[in-house]
Structure formats: C-alpha cells, structure tokens
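Visitor: Protein sequence lines correspond, in order, to chains Z and W. So in numbering that gives the first Met the number 0 the end of the first sequence lands on 403, straight run, no missing numbers. So in numbering that gives the first Met the number 0 the end of the second sequence lands on 358, straight run, no missing numbers.
Please keep in mind that the hints were generated in silico from the structure rather than gathered at the bench. Mixed in with the good hints, there may be bad ones.
Said to hold, decoys possible - Calculated cross-link-like contacts (lysine-lysine; reagent style DSBU-like; alpha-carbon spacing at most 35 Å):
1) W:Lys110 / Z:Lys69
2) Z:Lys53 / W:Lys110
3) W:Lys327 / W:Lys338
4) W:Lys29 / W:Lys327
5) W:Lys248 / Z:Lys69
6) W:Lys110 / W:Lys248
7) W:Lys110 / Z:Lys49
8) W:Lys258 / W:Lys327
9) W:Lys258 / W:Lys29
10) W:Lys248 / W:Lys216
11) Z:Lys69 / W:Lys258
12) Z:Lys8 / W:Lys258
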Amino acid sequence: MNESPPQPKRVAIVGAGVVSPLGFGLTETLHSLRSARDCVTPVNAFDVSKTRCKTAAQIDDVRLLPRTAKSRRDRRLHRASHMVITALDELLQQAHDFTPEIAIVGTTSGGMTFGEEYYRGLNSGERPSQHAASLIANYTPQKPVMDAQEAFGITAPCQVIANACASGTNAIGHAFNCVRSGRYQRVLTGGYDAISELVFVGFDSLQASTPERCRPFDRERSGMVLGEGAAILALENLEAAQARGANILAEVIGYGISTDNHHLTQPNPSGRGARQAMEAALERADISADEIDYINAHGTATLFNDAAEGKAISELFDGVPVSSTKGMMGHSLGAAGAIEAVFSILALQNQLLPPNINFRHGDDGLDLNIVANSARSAPVRTVLSNSFGFGGTNASVILRSINL
Amino acid sequence: MSLGIAGMGWVTPLGSGVTSVWNRLLEGDKATAETISSPLGQDYPVFRVPADALSHAPAHPRLRRSSAISRFAVVAGLEALENAGIKIGPETAARMALIFAVSNGGVIYTKRFYHDIVESGAQAASPLLFPETVFNAPASHLAAILGITGASYTLVGDGAVGILAMKMAEDLMTSDALDYCLVVGAEEADWLLCDAYRKWRLLRSAPPIEPFQRPPKGMIPSEGAGAILLARDGTLRVEQIASGTNFRKQREAGEGVQKVFAELCRPQPDLVVASANGTFIDAAERAAISRICPNAEVYAMKGAIGESVGASSLWQIICAAQALITQKLPELPEPTSLKSAVVSTCGLNQQVAGLRLTL
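Put together the whole structure using the sequences plus the hints.
Guide: Set out below in structure tokens:
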C-alpha cells in the first residue's frame, strides 16, 4: 500500500521583534509607518566626502548599545549583534516559552565593520593587539545570531543565509517550508544587517545609490539609500501553537524562490525572475492573485529593480495597493525582507497600508496602485512581500491574518 | 530522511577529480605548501590549488572576471554532475536546487575593493569588483552556468557550514518539486586570512599540520571546493545529519562534539572522518571518539590537504564516501570492512555538526 504524502502543516507567527531606523519594537514601528516618517539622515559613521550618496537610514547607537551592552564581553560584540539581541528580546517578551529547534537567519555582510577596522589597523602598520583577535572572532556572519541566542540561553543550530538582498525573505521562506513540512515544530527566523563603509561605497560605485531622496517607483527615481536593522520572527506549527495557547500574530501561507541568471547585479528587465517568485508563492499558498490585498514591494528605487518588479506586479495583479517602505528607512539588505515581514504583520493587524514616501509622478511604463506618501486604512487580510537581490535571487512570502 | 549521493566533485591542493585526489591521498601524498607574502612583510604558508586543476573549467562569460572561489566551485559542481551521469538541461535544472556553503567567501576581491577605498578614497572603488565581494556571487555564477532557475541558497558559517548545507538540502528534498540538490562548499586562500588566523592563534608558521598531536601546533589554510549531488536514490546513503549546536568558548567545544557523536554513533560507525586540524578542535574530537566510538577507524584529512573552512566538511564527506566505496583508507593499508562512516565537523568559530554515511 502506498503511503500518502504527509499533509502540509499550517505555520503561525507567534512572536516578532524589530529594530530599525523606524523604531525599536512593534509599537514605535507602527507609529512611524502611520506617520510616514522619513528616517534618512547624513552618514557620519565614515567618510562620505567622496561618494555621490551621502545619506542613509541609521540606528542611533546611543539608544541601541546601552540596552544590550551590559558586560565587558557585550561591549566587544558587533553592533549587528546588539540589533539581533534587541529584536530577539522583544520577541521573547511575547513568546517567552519559545524554544527553537533551529535558527534560520539572513544577512549580507555580517560584522563587516569589524573587518574594515581590522584591515585599516593592518594597513596603517599598527601593532597587533588582543583587540584584533576579538574583531576577527566577532566579524563572522553567524556570530550575531549566536550572540543573541546566547544572551537568552538558546543553543539552536544556526543556518545563516547570505542571498544578498533577498536573504531575510529567503530565511523566512525556508523556515516556513521547514515547519510546513512537519520536520520542525518551532523555527527562529529573520534577518539583520548593519551599515558598513565597504557596502555603502560599493553601491555608490555602481551608482545604485542616490544623492537625492529615495523615490521608489517614481518616474524620476534615481536610486536607493542604505538602511540597517534586524527583525526576528518565531514560526511554529499552528496546531501546536494553538494547543499551548500562544498568541498568534499572523500565518505564513506561501513562499516562492527563483533564480534569475540574467546578470550578477541586474534583474532580467522582463521581470521574469520576480514574477516566477510571486507565482510560486501564490501557488504554494493555493490562492489567486486577486486574494492579495497589499504588496510590500522590494522597491529599491533603482531604475532597473523598480522597472522589472513593477512590470511583474502589473502583469500579475490588477490594481492591488503597492508600496515600498524603503523610502522611509532605506534598504537594510539582509534585514530588509524580515523587517518588511514585520511591516506586513502590522498591516494585517492594523488594517493599514504602509506608505511609499517621496512619490511624485507615476512611471508611465508601470501600471501600479501606489500607496503614495501617506499611510491608508484598508481591509488587509493577505499580504505579499518581495525581496530581490544580487546574484539574481528572488523571494516572495505571503502572510495572512489568522483565520481559525 | 535518507538521501543518496549521486555524484561528487573535488578541487583541492592535490589537484581536481575525485578519483585522482583520492588515489593521491591513498598513496600518502600531501599537498605542498606555498609561501604567500603580505605587503606588510609577513610570510605565510598556504596550500593552493594548482593551476592545472582548473584546466577543464568552462569558458563561460560569467567566469571572465570572477574570483578563484567561483572557478573552484564551477569545476567541482560540473564534476559532480558528470560523475552522476547527468547532462544538465532546462528540465533537469528546473528540478535541481543549489546550496552553496562558504565561510570567508570572495576574500581576494573584497580585500582589493576595500584596499582601494582605504588607500585612494571612495572614488577609487571599482564597480566591477564590488559585486564579486557579495557572499552569493559564486553561487550565482554556478547557477547561471548550470541554468538553475529555482532555489539557490548560500549559507555562511565556519567549518561546520558544509554540514548545515547538507541539512538544508535534506529539508529541501522533502519537496517533490526537486529531484536533485547540488551542495557545494568552496573557499579561496589569501594572506589576509592567514594574518587573521595567526592573530587568532590558530595558524602554524610552517607545515605540516599534525592532527591529534599534543599540544596542538596550529593549522594551515588551504583552498578549493567540494561538490555533492544528492538524490533520493543511491547505494551510498546520507543516513542521518546532525545540525549540531553552538559552543561559546573553545574549551567548551568538546561538549558540542560529544552531543553530535551521541546522536550519530548509534550503532558505532566503522570510520570517523574528523575535522582535527592541529588546533583546539583535536582535543574536542579526541575526547568524543574515545568515549563514544573507540573502535572506529579515524581519518583526519587536513594533515594532507589543509584547512579549507567553508569547503572542508564537503571534503570530509567525499573522503568518507570514497573510503566506503573503495574500502581503502589513507594511512591504513588494510582497514576492516567499512560499512558506515561519521563525518565530524567542529568549526573554528563556535559551530559543531556531523553526518552519518552508510553503504
């Protein structure tokens, strides 16, 4: 007798924590989304006198570090570790008994500023110090995830996904698949990234970042600005979560991934890769495109991304409200998908469409219903969130209000 | 869930090709260390991939400007497919996922890119180099060459990352949309890494690497790639994968290794392929082996081909697989019958994992 394949499990989000330029925690973040706060400010962490772009959305260390840097050891940690610790702290306040079997987290550059500091020290001929060894040990991308786990006594194995700017969504998507398959009951997931000179100058060298305001999907868009932050989500088998009386924030119902082999840094102009990821997410969720109430777009405000993504969205969806929240808080790379998943949860919980700020003129080539400049109230039951990255990685997740 | 190994590919300082490298290991060959100098005047030994090991790399536009790590990965990945008898086409590629394991990534271009910024300012930064500094650049090149359009993930971690990639592959293969998962680990060597490992007190100033010697005298970095094509069928089975745990301090690594051994060593394996590399890892593995599987044969390949971090656990899996297939083991002319092997990986930066293979 043939065994029938196991029934897919429903996947609940039972906790979420976030830190970004838009705020520390869900409440501050919601307030910032409602007020369409523009968090982009001049960069002062490193020299930007020779770059075109001179701004980014940054987290204030004066707020970040005192929360988590309590011991001498803590003070040696990278600021990315402090971000992940802050986000995990908020999550565990909601889901204090959450014990993950595995952590799946996305990032693009780990503790890159420690690598920069190390190299600058070497290049200047400074005598090596104990500090150099600490920089190396705390530079690696898995370290912030392990530091955060350690801060709360968690020892789950860490899979750190580095799929460029899609990393956060890829991490949530793979975590979703793990719980959905029944192989795992509880998975910690999310993404983080902290601004670094190397990455900032890198995007500037590609002329992907803008010296002006970041205007996603605008006809006169001229590029992205960088951001930073962390968001961590607790995914759990829905039945198990209900059985233990967990507070369920939302349900993850779909995930799609595709690889666009067009170019290392540019999407296929046809939007094929983006479309393939969104279609796969809809198929996995077993819903049609017209069931999506809001799309949180990748929307970096680069010419190429917004054209390709906008084309794919307009071909697949009919007038669904779309916004990119990157005008408010920049592009936080490996954290972006996770932070935007938190925005999606807030949209579901508060019946809110987050705003696409700095929007002036629609792009003639794109038929999109942009949530322009201010947040709107609307019935929101199902949200699709996109993340696309270098290397042609495309990822989409679909979140839904819990329907018991 | 048990998966089969359908094919393998190997690029190492002893050359490329699974059969060729394995035969050299069986013959007792050890890679010859090369000295690389930092511009600051320090010399370091490394085990490098010889140029002729990449002679059959495809002339693909994606490899024109790519770093060595991408070339290693492509050569190993293509060998794994060839070894499995798979001719890649759109239909096969659509049902294949790629998982790439890496630790330091494209360090050569990253260093060059940042050096230009430090020396000459941001206006000197190269837009050609920057994309190659991104961790998933090698995976992107390999996916483009193979035509993979579905799932492609790059995982970053320490020496255990290859096992974590195998675990991810196992999780992905629960989907009936996939027939194959290609897991590739790769790393390239550079003086900057050597300098970092020296300051971390993990580097030995000259060969050899002496696994399990007391006291540990340090390791020597190497480079290359390993590729394993996983399928549902096959006589060589990945029976169990332990994602392991994290350890906080080096002296606590042993506890993590023992936990992994306790999970994988029931029943006791015939062989343990260890990650011992002349550092604190050796003591952690020695204690676990003597306590949990004292009768197993033990092989530590890093003495012959160095510590390749992101690639190393894939290399260990290939060694274990070859030992089971050939019933031979380097340094041990006539092993008893080898039916099962445990691959133990303890990384240099807090991660521990392992897996069990059976024939």
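Visitor: Kindly indicate which numbered hints from before are broken by the structure, ordering the numbers from low to high.
Guide: none
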